[in-house]
Amino acid sequence: MRINTLNTGRRIQSGNLTVLTVVFLIAIILPILFFGLSYLKIMASYQGQKSAIDVASLSVAQDLGNIVIEGPGVGFISLSDFAPNGSATLATDGYPLTVRSINSLLATTRLEMILSDKLTDPILVNCANVDYARVMAAKTALVTALQAAVAPGGTALDKDGNIIKPYDRALNAYNSVNIKKMVDGTTNIKANSLTIELGYVEDLVTNMPIPRPAVFAELSSADQESGFYKSGRNIPYNGKPFVFAAGGNSAALVDFRRYKTTIPGLPYQIPTVVCCRAEQIYNETDAITGSRVRSVTATSCARPACLVDTKPKAGLFGVSGGVPLNMNPYPGNFYQLLTHVDLYNCPADAVYTPLTDDYPISATALVAVPELSNRKHPPFGHLLRLAFFDWLRKAGPCINLSSMFTAMQAPADFTVVASTTAMKIDKNGVFSIEAFPFDPLKSIPASHKQLYAVTGGAFPTANGAFDVYLKDQVRNLGRVNGGKHGGEPLTNIQANSAIPGVSNRFDENPSGLGTAPNGPGGTTIRPSYTATDAIAVELKFRERSLPPIVYPP
Amino acid sequence: MHKLVAMSSSRAIVLKLRSQRGASSTAEFIPALFVLVLLFILPMLNLMPIVLGAGFTYLVSNQAATRAAGQSSYAEALLEANKEVQAFNGSAWSKLLQMTPVGGYMTNGFDLYTDETLTSGAGTTTSYGPNTAMTAIPNQQANIYEYKVHCTYSLSPFVNLSNLPFIGSVPGIGQPYLMSMNAHKAVEIPESLSGINNAVAFTGGAAPFQLDSIAGSSVPGLFTGGGPGLWNRPSIYQIAENAGQTILDSDVILVDARNKGWQGTNVAVSTGNTIMVDYYAAGQWSNGIDPVTGLPKNTDADGGPGAAFMGYPVGCMIGRIDASPPALPSYLKLGKLVWSLPVGNSTSNLKMALNEGLGPLLSPTIGPSVYDDNAGFMVVRIVIAQ
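Here the protein sequences line up with chains F and Y, keeping their order. Counting from 1, position 193 in the first sequence corresponds to residue 198 in my numbering; the numbering is continuous, with no gaps. Counting from 1, position 317 in the second sequence corresponds to residue 954 in my numbering; the numbering is continuous, with no gaps.
Source of the hints: derived by calculation from the structure; they are not laboratory data. What you are looking at is a predicted structure, and each value in this text was computed from that prediction instead of being measured. Ideal Cβ positions, reconstructed from N, Cα and C, are used throughout, including at glycine. Do not take every clue at face value.
Straight-line distance between alpha carbons at most 27 Å, and here's what the computed DSS-like set of lysine-lysine pairs gives [as the list claims (entries may be wrong)]:
#1 Lys235/F / Lys720/Y
#2 Lys235/F / Lys822/Y
#3 Lys822/Y / Lys316/F
#4 Lys235/F / Lys195/F
#5 Lys195/F / Lys55/F
#6 Lys432/F / Lys720/Y
Now the stretches of chain F that chain Y is said to cover, found in silico as 3 or more residues with beta-carbon under 8 Å [unchecked claim]:
#7 77-91
#8 105-115
#9 532-541
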């Protein structure tokens, strides 16, 4: 039969079912295929758009971490720490200044408060409270600057003075991603639809370490993770609220579904998580529906990069010139020096600040100390603690308190006249005692706008008396308040050519003071950042001999 | 082989006949395949889970170590590592690969060690554990600390070939294979290491000393009294300021008892200024030798009981200002003196001396004077206020 059929060549009458099946399948499968294709296109274009908005939010997050402003009373601030190598952070000495992150300032102030309480010292407590007010003002200024920068058309500056335009850069980044790949037609971002907000993602961990050892952190376990503060929550100390900004070692995307514009109950806001939204218009054509327009909004969030400077250089807290041997009891360590009753209860005969340049190049003026009840002649011991506080503040939040307590009680030889016995802090926050050669002809000058105090005749000897000088080069920070060196330690002191003379007064003989060299400008890193012998605070003892006998009249 | 068959139609049909060639080859192929499967493919199939198992063993070790490293106490570290391992042990991968934990903490197949490595010298590593905290206090200056997670699993063969000769006893092919891996992670909070139940405390630290041990240090910037000091009146500036006066000038000078002339100071005085002086509390000088006792006649700046000169006690501190004609000396007793005398210029420098007989009669410029047998000096703080 089959052979016959083959032989006749006629069309087989059966097989209608096959046609029906094919038509049916086409009717079912084609729409599914079209839907699938269309869905694929939508998803692909959304992924393209998501990629674009991710790039945009990351770009803003990177920019945020680079914005630098000059904070009131605290120097240059940012979301990141920067080494002193920014050409726009030049102090008048021609070297750049360090940039501190707001988290670093907050953590430092919190640590200051804890330390002050642990040492039960009212002067340190007062200093920490004054610092807190400064940091709060700086925080407000930084938040304002960040908010302004991310607004359409907003600008800011980085540490080198480059103009940062986060909004424009985000828009460019968004547009640079090819969303059109899977679109039949045209697609563009809806005009002015890109919005950039700053807000929060709760409980993001920062890269700012809690006080070390942890037993001094004074917080609950939930306030930290792996030894780092959490952001976006109040971690108070002594009734003062501390809220840390979200940020990590690099800019990174975070879950946009957890984004919040504010966190209720926070005493103040430091919104740093970037939330970018953009609406994309798709003008598409296809064979079935013809042309159509649809819009899709995509959202992305990123946390900014908040770099932490791993080697903040606090400089030295040094004692020079040899402590008088008749000090009773003789101080055998820094703790005993700081609490020496006789030194403590000497009145400060003068608290100076050099007016236009370093002393002795510039004249000085008597100043009152705000942290010391605005007094011009406070107890010298109060000034010494103030300087100690300033030095610790310069070291930042990474100091190890146990190490500090140990170092303060470790034996220190203050007897050597030609030596500076100093406490120093390494990059891990560990304290140590070290001796450096002290050249009376290279005695450091008093930094412009910093604190320079003297108490005269404090310790009489058989042939004269010791005057005691305190130079706190890290008292006032920043270019505005901090003067020529911006509150940075001094190093590479150039010797004065003159031989120090003798006079019967408490002032340090200016010819015995050296000069701090000026820098070349630009991005040359400040020498004190890499030097191991830069001096932040110097307590200097100078023996003054009896003046020659005079005759009548 | 093909064969043409004649049909009723004109078309020829070609019939295929089975070839007789290769029959022996086919007969050999079956046992060869059997041997191949048994001795090569199935063992290879059993080796693949071992490779996967090795990867998973390291993965779970690493995950457990990472989880442990961030905890704030050893107990928590152990707990979290256990959770991580348990999660894997109950997973589909573990079942698929027939991984059975061997021994370890709670028979979950892992042990947690604390490795202490000296950062100096030979870098010797001491391992504490398993599953117990180190008893020593961590020394972060000298050592680095890592958690080591040691995982052991038994991997059963995918296909049981234990009955096969020769290969039936090979671990991994015919017998279970014992797999162990170590993973290390630096301990993020080394303080957490000392004591299994000692969670890191985040509060309550105490300083070994206080700085407020000095009496009278409670008000920043102010002398609040109480503490002993070197000076009779260390709050001399504060006294002036509290009286509403402005400090105009000050100095601390050394006045030599042997000086038979007026010793200049660096402070200037105007009419109406207040001169305040303070002396080093233990300061003494002597105005000669007592002829009776042979001892120095020591006095403080207020002077001694001897004969008075110019109406002031002998040995006391006197002062005058430059003026023309010279102003009369004043007794610079401890305390304050309002300078009411006229001055030569609008301001004139204050001069000071020990009161024993200044002037040409007793102290000629040349030759011996009554000051020659004096000794000592006085450290004087002078504050000029108004």
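Pairwise hint evaluation, Lys822/Y against Lys235/F, where the allowed Cα distance is 27 Å at most: holds (22 Å)
Coverage claim, chain Y over the segment 105-115 of chain F, checked by counting residues with Cβ within 8 Å (three needed): That given contact is violated, which follows from only 0 residues of the segment 105-115 of chain F lying within Cβ reach (below 8 Å) of chain Y.
Pair hint outcome, Lys432/F versus Lys720/Y [Cα-Cα no greater than 27 Å]: Since the Cα atoms of Lys432/F and Lys720/Y sit roughly 36 Å apart, the hinted pair is violated (cutoff 27 Å).
Per-stretch coverage check for the segment 532-541 of chain F, three Cβ contacts closer than 8 Å to chain Y: violated (count 0)
Given hint Lys720/Y paired with Lys235/F - CA-CA distance at most 27 Å: Cα-Cα ~24 Å, so holds.
Verdict on chain Y covering the segment 77-91 of chain F, where coverage means 3 or more residues with a C-beta closer than 8 Å: Contact hint for the segment 77-91 of chain F vs chain Y: violated, 0 residues under 8 Å.
27 Å limit on alpha-carbon distance, applied to hinted pair Lys195/F and Lys55/F: Satisfied, since the Cα-Cα distance of roughly 15 Å is no more than 27 Å.
Pair hint Lys822/Y and Lys316/F, alpha-carbon separation not exceeding 27 Å: Distance of about 24 Å is within 27 Å: holds.
Straight-line alpha-carbon gap Lys235/F to Lys195/F, limit 27 Å: Status violated; Cα separation ~37 Å.
Violated hints for the displayed structure, listed by number in ascending order: 4, 6, 7, 8, 9.
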